[in-house]
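First to last, the protein sequences are chains A and B.
For the first sequence, counting from 1, position 122 maps to 122 in our numbering; every step adds exactly one.
For the second sequence, counting from 1, position 162 maps to 162 in our numbering; every step adds exactly one.
Heads up, some of the hints might be wrong.
Said to hold, decoys possible - To give an idea of the interface, some chain B residues facing chain A are shown, with a C-beta separation under 8 Å as derived from the structure: (1) V8; (2) F17; (3) R26; (4) Y28; (5) K33; (6) L37; (7) S43; (8) I71; (9) Y132.
As the list claims (entries may be wrong) - Only pairs whose alpha carbons sit at most 30 Å apart, straight line, appear in this in silico DSBU-like list of lysine-lysine: (10) K10/B - K166/A; (11) K34/B - K10/A; (12) K10/B - K165/A; (13) K38/B - K59/A; (14) K34/B - K50/A; (15) K120/A - K132/A; (16) K46/B - K59/A; (17) K225/B - K59/A; (18) K120/A - K38/B; (19) K120/A - K14/B; (20) K46/B - K165/A; (21) K33/B - K59/A; (22) K10/A - K132/A; (23) K120/A - K165/A; (24) K46/B - K132/A; (25) K120/A - K10/B.
No lab work stands behind these hints, which were simulated from the structure alone.
Cβ coordinates follow ideal geometry from the N, Cα and C atoms, glycine included.
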Amino acid sequence: MFRKDTRKAKFIEVYSDYYPVIFGSVCTRINSIDDAEDITQEIFVRFFRKMDEVENPRKWLFGTMKLVLFEFYRSRKEDATDIDLLMNDVSLSFVNGMRDLRMLLDEVFEDAEVFNNDEKNRIIFDLVAVQKYTLEEAAKELGMSRDQVKYRYSLINRSILQTLKKRGVSNLEELI
Amino acid sequence: MMNEQIIVEKLIEKFRFEEPVNPPVRNYIFESKKRNLKRILKSERKYGIFTAAAVVVFFLARKAGLTISFINAAIITGSVAAVTTAVIIAGSISGVNYIIEKNRTVNEIPAPVIEIPEMKPSLQSVKPVSVYRFSGTPGSSGIADRATGIIYKKLIAEHGEDNVFLSSFSANKGYLVTGSVEKLQSGYLITMKIVDPVRGVIINMETAQINNEDELPAVCSRLVKIISSSTR
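Pulled out of the complex, with its shape left as it was, chain A reads as follows:
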């Protein structure tokens, strides 16, 4: 019984942290907020059933998001067969050195050490930097104070830049 309760507690905490990130990410890929809500719900239902086998909830949730979105597109449009085309088409718009840099950035943003191995830091980055949440909104979603979020966000930015420098990208100001 205690094990079951622990399992439920773990689910609720993962849900509470990742719900806005997943919902927002789904919303940017489809036009209907109602469909986005259903898809998000489906992703978390699947997570609840599989969570004992999941090591990295973030990777699992985003991976399942791609799968559920693909199922959704296929149910609406029969020729939607390539998941990568649906999900990674942005990188294809860059060429040569810029494409390499984008791939490098992609790696950095997926590197747990950049976020000090703290999932909350990564969620803050997703919400504020990627999905354009305000610091207050991110704080409200994560149950933190605005100052806590602001402080963590500044550390994340510093860590990203330091990691890029370590990997040989020193001329960032010129790049942007």
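Using the hints, position chain B against chain A.
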């Protein structure tokens, strides 16, 4: 030197990592979070009353900027539930006791009813009666004696032996009954008097006429009834 935050945000923008979510959608996402958690847990049959309460505590704490785990929220909920239950039980007991005390009535044990056996009317508050021999005229003395005897016996039957005396009147023993029997041309005239010797007054007097001796017992019975009613 550019601010670190601005550089990172410019990179994200330039390399199209951004997935901006509109403010109304962000607000909708925040509002729908608890509702959809409830739906998911219900669909998986993991949503009971306790979980519902713990979820409320968990989200309230987050809203207030307190980072607590769901386990902590559950512990808080359990503690609050236990304290609330204890308070309700204690309050209920106190309330019931108060009501009982307020409505308590002294149940007095009624005194046992001692049933007094009903006494014969003849024995209830009967004053003693002394019967004096009825006087007679020539030709009626025999009937006078007989009338005295009949009345005496009927009074004993009505009042009891202890309350009726024959020709032995004592001033302390109630009333005195006497009378006379006179011979008429056809029949007899019987006169009966009841005297209260203490006050020295005749309290009742009755006369009856009979044609022959056979009618004597019936007349005497009627006279005894009069005596009984007059001496109670």
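We went through each hint and held it up to the structure:
1. V8: Where the cut-off is 8 Å and the nearest Cβ of chain A is about 5 Å from V8/B, the hint holds.
2. F17: holds, 6 Å
3. R26: holds, 6 Å
4. Y28: holds, 6 Å
5. K33: holds, 5 Å
6. L37: Cβ of L37/B sits 6 Å from chain A, so the hint holds.
7. S43: For S43/B, the interface hint holds, since the closest Cβ of chain A sits about 6 Å away, which is under 8 Å.
8. I71: holds, 5 Å
9. Y132: violated, 110 Å
10. K10/B - K166/A: Given pair K10/B, K166/A holds - Cα atoms ~19 Å apart, limit 30 Å.
11. K34/B - K10/A: Within the cut-off at roughly 16 Å; holds.
12. K10/B - K165/A: Holds, because 16 Å separates the two Cα atoms, which is no more than 30 Å.
13. K38/B - K59/A: holds, 24 Å
14. K34/B - K50/A: Between K34/B and K50/A the Cα gap is close to 21 Å, so the pair holds against 30 Å.
15. K120/A - K132/A: At roughly 16 Å apart (the allowed maximum being 30 Å), K132/A and K120/A satisfy the hint.
16. K46/B - K59/A: The given pair, whose Cα atoms are some 25 Å apart, holds under the 30 Å limit.
17. K225/B - K59/A: Violated: K225/B and K59/A sit about 123 Å apart, past 30 Å.
18. K120/A - K38/B: With a Cα-Cα distance of about 23 Å, the restraint between K120/A and K38/B holds, given a limit of 30 Å.
19. K120/A - K14/B: Between K120/A and K14/B the Cα gap is close to 25 Å, so the pair holds against 30 Å.
20. K46/B - K165/A: violated, 48 Å
21. K33/B - K59/A: Cα-Cα ~21 Å, so holds.
22. K10/A - K132/A: holds, 27 Å
23. K120/A - K165/A: holds, 24 Å
24. K46/B - K132/A: It is violated: about 34 Å lies between the C-alpha atoms, which goes past 30 Å.
25. K120/A - K10/B: Roughly 22 Å separates the two Cα atoms, so the pair holds.
In this structure, the hints that do not hold are numbers 9, 17, 20 and 24, in rising order.
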